[in-house]
Amino acid sequence: MRPVSKLLVIPCCAALTVLLASVSAWAAPRSGQAAPMFAGAGVDGKSYDLSVLKSRPMAVLYFFDAASPSSRDGLASLGQICRRFKGTDLAVWGITRSPRQGVADFVSQNAVDFPILLDAEGISDLYGARVILPTVYILGPGLTVMDYFQGGGKSTEVMLVRLAERNLQRKETALAKAITREVADKNPRNVEARSVEAYAAIQEGNLKEAEDISKKMIASKGEGEILGKEVAAVVYAKTGQTDRAARLAGELERKAPGRVQAQVIQGDILYSRNQKAAAEEKYRKAAAKPEGSPTQKAQARNQLGRFYASLGEYKEARGLYDQAVEIDPYYVEATSNKGVTYEKEGQWDQALASYRSTLALDKGDMIASVLAGKAEEMIALNQDRSRKERIDKLVKELAERYRRQKQSPQKGEEDTWTSRPMVLTLMDFQEKGGLSERDGLSTALAVQLGDRLNASGRVKAVERTLIEHLLEELNLGSSELADPNTALRLGKVLAAKLIGTGTLHHMPDGTLFNLRLIDTETSAVPKVITRRLPAGGSLEEELNRLNRELLHAVIEKYPLRGFVVEVQGEEALLNIGEAQGVVLGTRFEILDAPKRIQYKGKTLEGTATPIGLIEVVAVEKEFCRGRITKKARALKRDDQVQEKIDPFVSEG
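According to the working numbering, the sequence shown is numbered sequentially starting from 57.
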């Protein structure tokens with residue numbers, strides 16, 4: 057038998073290498089697929105099972121060769137990041153087929169404090185990570201593959217930038233910044249890293265920092281100029297320089313026609329100018345563009361979905377929201393928006409599922425939390441047949457009263473001094489201006505303000521379920537409710553003393569919230585509140601401020617009034633209680649009867665003079681008991697009392 061020619065061995069080896077590489081690549085799971093499950097032993101002697109990471113929002117699997125400098129560099133970078141940000145829920149696992157001792161030496165020298173698995177179970181084969189190392193997988197919610205990278209050097213940079221962007225998507229801004237700076241320190245020319253850093257600054261509200269980064273990127277020309285101008289256009293839009301933003305977006309559209317961002321910026325500006333047909337065209341073009349980051353592509357589909365939802369085309373909107381989440385699994389805005397479309401169709405089970413998906417990614421999302429609570433309440437109502445029948449009957453009676461405009465009957469009372477219950481109705485607020493990224497803010501604000509006012513005990517907010525059923529029965533939307541006359545008529549049939557109505561004006565840098573309180577008996581406007589809700593700001597803090605300001609306005613304009621029923625030592629019984637809004641600690645001034653002055657045949661009524669102070673120590677439904685803390689004379693039956701404003705409540 058003739059010996060095999062050496063000339064034939066080299067091609068065969070090359071062919072075998074190519075074959076192994078192709079088989080390895082074929083075996084690798086791709087984006088959108090579930091990561092193969094595995095278990096293995098770590099260099100620390102512990103056992104590890106990938107399934108334990110299923111509840112984590114993000115995981116990184118880093119397949120490496122302990123003898124390879126490029127493998128070690130990437131792993132060391134991840135180690136530094138994990139040490140700095142131990143509080144985040146980013147999980148990193150290293151996996152290697154290298155000998156135990158070499159791996160142990162590397163771990164001890166580099167202080168790697170995340171699991172390193174010794175692959176003796178064929179894990180690398182499951183992930184196509186035997187031939188080219190390092191191989192890196194970024195896994196998203198439910199251990200679904202989001203991104204896949206092979207090779208060191210430049211590939212490691214690309215991987216780290218994408219990891220930073222994914223963390224920016226899930227609002228881990230500080231972590232995203234740290235990763236991009238890690239990349240930029242090693243390669244100052246990496247414009248993708250600088251771009252993610254700039255968007256992190258925008259997410260933090262540091263627009264000046266983002267603009268400074270964009271200027272440096274623009275000066276670098278080439279790809280850096282395009283990415284820098286995209287950042288600058290976003291900054292200009294968010295700072296109200298819409299003409300400048302539109303001009304720059306137009307320039308980008310000509311220079312980089314395949315990119316997404318310019319079209320979205322133009323669409324948002326056109327929508328805010330009420331040029332809705334032109335805005336739709338821009339959103340459509342944006343959704344079809346092939347170039348841009350996952351975040352930009354997801355936002356394009358979300359905005360087009362929001363546009364369709366504003367027209368009542370909910371099925372089309374849901375399809376676009378699903379596309380957005382497929383591109384960016386952390387895009388909670390689209391997931392929550394999908395829930396709102398189901399809510400508007402009365403599909404409460406589906407709505408609740410969407411809101412819960414949002415909360416699984418971001419437990420602190422207040423809008424999704426409020427809307428989920430509302431969906432749960434509606435599901436419970438639909439299951440409680442007797443309660444639903446009672447509400448349906450009441451709604452029909454109220455709707456008929458509204459159409460005939462008959463106010464709910466009031467008992468004739470000679471007592472005009474004693475306060476009646478302070479009932480307030482909060483209507484959904486009309487949304488104006490731009491097309492906000494998030495749907496459902498109006499409802500969430502109304503629900504949360506109502507809950508806070510009810511919790512105070514001072515004001516009784518009308519049940520949201522009743523209001524929404526009544527509006528549905530009357531076929532009244534937010535545009536009709538913006539009419540003060542309509543709001544007044546509703547307030548009267550709901551026996552509410554005050555109506556809260558207003559607008560949300562969406563702008564690039566946040567939302568301008570305007571709330572008007574209207575007295576249903578006098579048509580007076582006792583309070584107007586205007587607040588800017590900053591983009592990315594704490595909605596919880598703003599709601600607390602609004603609640604305090606509303607309570608102060610109610611107490612100031614409508615102080616509780618009543619009479620002393622009896623006096624027992626240093627305590628007095630008053631004829632008002634929980635039903636009227638009295639709570640423990642409420643303070644009442646005791647008023648001396650005003651003196652009447654006769655002048656030129658007329659009787660002039662003087663002003664009542666405070667002669668004492670009572671602090672409530674016990675409350676029942678119709679009466680309360682208070683401790684007399686100050687008195688200029690002995691109290692007697694039928695002395696008038698009036699609420700004294702608490703300085704704490706008066707803080708704005």
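Hints were generated in silico from the structure; no laboratory data involved.
The structure displayed is predicted, hence computed values, not measured ones.
Among these hints, one or two may not hold up.
[To be verified] Here are the simulated DSS-like pairs of lysine-lysine, each with C-alpha atoms no more than 27 angstroms apart in a straight line:
| no. | residue 1 | residue 2 |
| --- | --- | --- |
| 1 | K277 | K332 |
| 2 | K656 | K686 |
| 3 | K210 | K264 |
| 4 | K651 | K516 |
| 5 | K548 | K583 |
| 6 | K233 | K142 |
| 7 | K371 | K400 |
| 8 | K227 | K264 |
| 9 | K488 | K332 |
| 10 | K449 | K341 |
| 11 | K311 | K341 |
| 12 | K651 | K686 |
| 13 | K692 | K651 |
| 14 | K311 | K227 |
| 15 | K210 | K341 |
| 16 | K272 | K227 |
| 17 | K345 | K311 |
| 18 | K332 | K272 |
| 19 | K400 | K311 |
| 20 | K613 | K656 |
| 21 | K142 | K277 |
| 22 | K548 | K294 |
| 23 | K210 | K294 |
| 24 | K341 | K371 |
| 25 | K271 | K332 |
| 26 | K272 | K110 |
Now for the hints, and whether the structure bears them out:
1. Under the criterion of a C-alpha separation no larger than 27 angstroms, the hint pairing K277 with K332 is inconsistent with the structure, at around 34 angstroms.
2. For the hint linking K656 to K686, the alpha-carbon distance of about 38 angstroms lies beyond 27 angstroms, and the restraint is violated.
3. Restraint check for K210 and K264: not satisfied, since their Cα atoms lie roughly 30 angstroms apart, outside the 27 angstroms limit.
4. Of the pairs offered as hints, the one joining K651 and K516 is violated, with about 35 angstroms between alpha carbons and a cut-off of 27 angstroms exceeded.
5. A distance of roughly 18 angstroms separates the Cα atoms of K548 and K583; the hinted pair therefore holds under the 27 angstroms criterion.
6. Note on K233 and K142: the hinted pairing holds, with a Cα-Cα distance of about 15 angstroms set against a maximum of 27 angstroms.
7. Straight-line distance between C-alpha atoms of K371 and K400 comes to about 11 angstroms, which keeps the hinted pair within the 27 angstroms bound.
8. Of the supplied pair hints, the one linking K227 and K264 holds, its CA atoms being roughly 20 angstroms apart against a limit of 27 angstroms.
9. For the suggested pair K488 and K332, the alpha carbons sit about 13 angstroms apart, so the restraint of at most 27 angstroms is met.
10. Between K449 and K341 the alpha-carbon distance is near 49 angstroms, which puts this suggested pair outside the 27 angstroms criterion.
11. A distance of roughly 16 angstroms separates the Cα atoms of K311 and K341; the hinted pair therefore holds under the 27 angstroms criterion.
12. With a CA separation close to 22 angstroms, the supplied pair K651 and K686 stays within the 27 angstroms bound.
13. Restraint check for K692 and K651: satisfied, since their Cα atoms lie roughly 17 angstroms apart, inside the 27 angstroms limit.
14. At roughly 31 angstroms between alpha-carbon atoms, K311 and K227 are farther apart than 27 angstroms, so this suggested pair is violated.
15. Annotation: proposed proximity of K210 to K341 is violated, straight-line Cα distance about 32 angstroms (limit 27 angstroms).
16. Restraint check for K272 and K227: satisfied, since their Cα atoms lie roughly 25 angstroms apart, inside the 27 angstroms limit.
17. Distance hint between K345 and K311 is fulfilled; the C-alpha atoms sit about 14 angstroms from each other, no more than 27 angstroms.
18. As the CA atoms of K332 and K272 are separated by approximately 35 angstroms, the hinted pair breaks the 27 angstroms bound.
19. Taking the CA atoms of K400 and K311, the gap is about 41 angstroms. The hint is violated against a cut of 27 angstroms.
20. Distance hint between K613 and K656 is unfulfilled; the C-alpha atoms sit about 33 angstroms from each other, more than 27 angstroms.
21. Restraint check for K142 and K277: not satisfied, since their Cα atoms lie roughly 37 angstroms apart, outside the 27 angstroms limit.
22. With a CA separation close to 41 angstroms, the supplied pair K548 and K294 exceeds the 27 angstroms bound.
23. Taking the CA atoms of K210 and K294, the gap is near 34 angstroms; set against the 27 angstroms cutoff, the hint is violated.
24. Using a Cα cut-off of 27 angstroms, the hinted pair K341 and K371 holds, with the two alpha carbons roughly 20 angstroms apart.
25. Restraint check for K271 and K332: the C-alpha separation of about 32 angstroms exceeds 27 angstroms, so the hint is violated.
26. Our distance criterion of 27 angstroms between C-alpha atoms is broken by K272 and K110, whose separation comes to about 40 angstroms.
Checked against the numbered hints above, the structure breaks hints 1, 2, 3, 4, 10, 14, 15, 18, 19, 20, 21, 22, 23, 25, 26 and satisfies the rest.
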